[in-house]
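*Asks:* Spelled out from the first residue to the last, the chains are:
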Amino acid sequence: MAAVKETVDQVKQIDVDQYKYGFVTDIESEKAPLGLNEDVIRFISAKKHEPEWMLEWRLDAYRRWLTMEEPTWAKLDYPKPKFNEIYYYSAPKVAEGPKSLDEVDPELLKTYAKLGIPLQEQEILAGVTEENRQYSKVAVDAVFDSVSVATTFKEELKKAGVIFCSISEAIREHPELVKKYLASVVPVSDNFYATLNSAVFTDGSFVYVPEGVRCPMELSTYFRINEQNTGQFERTLIIADKGSYVSYLEGCTAPQRDENQLHAAVVELIALEDAEIKYSTVQNWYPGDSEGKGGIYNFVTKRGDCREKNAKISWTQVETGSAITWKYPSCILRGDNSTGEFYSIAISNGYQQIDSGTKMIHLGKNTSSRIISKGISAGRSNNTYRGLVSAHKKAANARNFTQCDSLLIGDQCGAHTVPYVESKSASAIFEHEATTSKISDDQMFYCQARGIGEEEAVALIVNGFVKDVIQQLPMEFAVEAQKLINISLEGSVG
Amino acid sequence: MLEIKNLHAEVEGNKILRGINLTINPGEIHAIMGPNGSGKSTLSYVLAGKEDYEITEGEILFNGENVLEMEIDERAAAGLFLAMQYPIEIPGVANMTFLKTALNAQRVARGEGELKTPDFMKKVKELSAKLNVTQEMLRRPLNVGFSGGEKKRNEILQMALLEPKLCILDETDSGLDIDALRIVSEGVNALKSPERSMLVITHYQRLLNYIVPDVVHVMYKGQIVKTGDKSLALELEEKGYAEFTGEVAA
Ligand SMILES: Nc1ncnc2c1ncn2[C@@H]1O[C@H](COP(=O)(O)OP(=O)(O)OP(=O)(O)O)[C@@H](O)[C@H]1O
Ligand SMILES: [Mg+2]
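Each protein sequence line maps, in turn, to chains D and W. As numbered in the working numbering, residues 44 to 537 make up the first sequence, in order. As numbered in the working numbering, residues 102 to 351 make up the second sequence, in order.
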């Protein structure tokens with residue numbers, strides 16, 4: 044049997060056992076009544092001790108949402124979520140809002156330790172090899188179901204003037220910033236899921252980096268869905284004021300459950316003049332079992348606004364989890380000379396379906412964008428890149444470079460590329476390159492004939508394929524991402 | 102070292118090897134010559150374990166072990182190396198990374214433990230200098246965009262680094278310019294030892310001036326039809342294969 048044929052057979056056996064984050068934390072929780080109505084929204088708002096204006100904002104979003112329909116244009120096939128059979132709020136009973144670390148339930152601390160997320164304020168080990176042993180600080184906001192349970196290094200960040208807290212806290216403590224920027228990038232009625240999120244969002248992170256400040260450490264949020272039948276609707280808002288810089292990482296996992304769970308997040312980034320935001324995601328929600336049962340439905344609206352000149356926003360994502368992924372991190376290049384980047388690795392295996400890509404909207408003069416997308420499909424999965432690059436007529440000298448590569452493992456999976464280009468600027472130059480390749484039997488034979496085992500050979504070839512994107516990740520997470528890639532393809536080899 | 106007994110192999114029902122018998126003792130250098138399509142590369146692939154071939158009869162023993170029951174990578178770790186006629190390209194994987202992964206995989210399989218990076222680097226530097234493989238070629242993706250001759254030199258670099266017990270060279274000389282032929286041959290000769298055997302497949306007697314064989318075989322239609330000493334190669338150079346094919350050389 045040829046190596047690749049065998050690979051395909053192994054992919055078929057992809058098993059829940061490989062998802063090592065599939066455990067459930069046994070912790071008492073408090074939930075909103077099942078389903079969605081105005082009272083549930085009032086319940087959430089009250090739980091968060093929100094001011095009246097926020098409640099009104101949510102109710103307004105909810106009423107708009109009732110008039111909207113779920114989008115169907117993506118290349119995704121799934122039973123529509125039953126919105127009235129979901130809990131929209133669930134919180135560990137002990138931790139109502141972020142407290143000092145000593146007060147966090149030990150069960151939660153254990154959970155995060157098991158997930159490899161340090162909630163102690165200590166320096167974490169970044170590289171794994173002896174030669175590049177390097178320590179660096181990472182501040183973490185840990186969101187468990189609907190609430191943020193801990194945020195680390197707050198004091199140290201405060202000294203630098205950086206605000207890093209849960210969005211719930213920001214609504215209470217920094218209403219002027221929240222009012223000014225919330226929904227300024229993703230309007231309340233932007234799309235079905237964003238509107239739903241606006242009505243029911245429960246927690247998420249808030250970051251404000253003041254003028255001229257280079258954030259002294261990486262910031263990260265770690266999302267965990269634990270409760271059954273519970274949706275997670277997080278909201279993240281990051282503002283980089285003039286001349287500032289911040290690098291932010293998001294990670295996520297969920298227990299393995301037979302039913303599908305909904306995750307519908309909204310992330311908004313705002314970069315003002317000369318500011319730069321680097322946003323990295325390692326998405327590893329539970330992908331479902333070998334028959335395609337269970338797994339997270341991931342409907343996410345992520346958008347960055349380079350609002351003033353010379354701003355830069357770059358999205359880097361490593362997508363390995365979720366049963367369904369619907370996600371297009373985008374950049375609005377409004378400021379002159381602003382830059383948008385999108386680096387993506389999307390891996391689908393088993394019965395996973397991914398429809399993901401980006402939008403680069405060139406509005407300002409001399410704006411430039413770069414898209415590097417690497418899709419890897421194995422098993423019976425479907426992996427679609429969907430991208431839009433557009434230039435407004437005022438976007439003189441807009442530049443885009445798109446490189447879109449797909450790698451297929453086996454012949455039961457699909458890779459699709461759907462690029463849209465709209466240019467109203469005569470001086471815009473958009474370039475697009477796309478390739479589709481397969482791991483060939485000859486490549487496998489060659490590696491093995493040099494003593495490299497089958498599994499390691501696939502990992503080697505895949506890592507070569509995604510190298511350009513891995514290089515974009517903060518060093519701390521590149522190693523982790525690489526491991527994750529190997530794990531998610533583990534079923535694909537002997 | 103290597104014992105091939107009555108080996109028959111076919112591809113998609115086409116019989117390609119039809120009863121090969123070949124014994125190579127430690128330290129010996131054997132050459133195989135023969136017309137195009139006679140099954141030389143097939144023999145080398147079957148030895149390495151390529152899965153396209155069905156072995157219908159016969160056996161292969163490598164240091165007493167049944168090779169046909171071993172996985173491809175196990176054969177490599179046991180010391181079997183094939184320098185291929187057509188080396189494969191792997192985009193994105195740096196040559197250096199590939200070398201390190203291969204060497205360490207073999208070492209781990211043999212229970213020797215991984216080589217420390219500085220030691221590895223030192224070794225690669227030394228060997229690549231001898232084989233005229235530039236630093237740039239080490240950084241580039243494996244074989245991608247390499248010229249024919251560069252690919253062949255790179256194969257020999259791998260061989261020198263992995264220090265196999267049996268080196269199989271499939272037309273390593275084709276595509277090499279005159280200087281490269283000398284450099285590669287020197288590289289191969291540097292590996293000669295009483296414990297290491299070689300099986301050299303070639304069309305040209307010229308290579309055998311550099312790498313001097315103890316035994317020369319002629320392969321035709323999947324069988325070894327004649328065996329002699331190095332003078333057989335000279336004879337073939339002169340007369341061609343007419344004696345075996347029944348055709349008169351042009
Ligand atoms: N995968 C395959 N499918 C069909 N026929 C094959 C396959 N592989 C080899 N053959 C055939 O087997 C025969 C032997 O091929 P092989 O490559 O071993 O010859 P060779 O002696 O190495 O020739 P050359 O000197 O040209 O390199 C040829 O006729 C070839 O076409
Ligand atoms: Mg050949």
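Keep in mind that the hints were calculated from the coordinates and are not lab data. Treat each hint with caution, since some may be false.
What follows is a set of in silico ranges between Cβ atoms, one per label pair, in the way DEER data are often shown [stated by the list, open to error]: (1) W:D278 - D:D454: 40 to 46 Å; (2) W:E155 - D:H459: 48 to 54 Å; (3) W:M222 - D:E113: 51 to 57 Å; (4) D:H459 - W:N137: 29 to 35 Å; (5) D:H459 - W:E158: 55 to 61 Å; (6) D:D454 - W:T157: 27 to 33 Å; (7) W:A291 - D:E498: 32 to 38 Å; (8) D:E498 - W:E155: 46 to 52 Å; (9) D:E498 - W:P127: 31 to 37 Å; (10) W:L216 - D:S483: 24 to 30 Å.
Here are some chain W residues pointing at chain D (derived, C-beta under 10 Å) [as the list claims (entries may be wrong)]: (11) E158; (12) E160; (13) T198; (14) L204.
Just so we're clear, the structure is a prediction, and the values are computed from it rather than from any experiment. Ideal Cβ placement from N, Cα and C applies to all residues, glycine included.
*Asks:* A separate judgement is required for each hint: does it hold in the structure or not?
*Replies:* Now the hints, each set against the structure:
1. W:D278 - D:D454: 40 to 46 Å: holds, 41 Å
2. W:E155 - D:H459: 48 to 54 Å: violated, 37 Å
3. W:M222 - D:E113: 51 to 57 Å: The hint (51 to 57 Å, Cβ to Cβ) holds, given that M222 (chain W) and E113 (chain D) are roughly 56 Å apart.
4. D:H459 - W:N137: 29 to 35 Å: Given range 29 to 35 Å: violated, Cβ gap about 43 Å.
5. D:H459 - W:E158: 55 to 61 Å: The hinted range 55 to 61 Å is violated for H459 (chain D) and E158 (chain W), with Cβ atoms some 47 Å apart.
6. D:D454 - W:T157: 27 to 33 Å: At 28 Å between Cβs, range holds.
7. W:A291 - D:E498: 32 to 38 Å: holds, 34 Å
8. D:E498 - W:E155: 46 to 52 Å: violated, 25 Å
9. D:E498 - W:P127: 31 to 37 Å: With a Cβ separation near 33 Å, E498 (chain D) and P127 (chain W) satisfy 31 to 37 Å, so the hint holds.
10. W:L216 - D:S483: 24 to 30 Å: holds, 29 Å
11. E158: It is violated, given that the least Cβ distance between E158 (chain W) and chain D is near 20 Å, above 10 Å.
12. E160: violated, 20 Å
13. T198: holds, 8 Å
14. L204: holds, 8 Å
When held up to the earlier numbered hints, the structure conflicts with 2, 4, 5, 8, 11 and 12 and fits the remainder.
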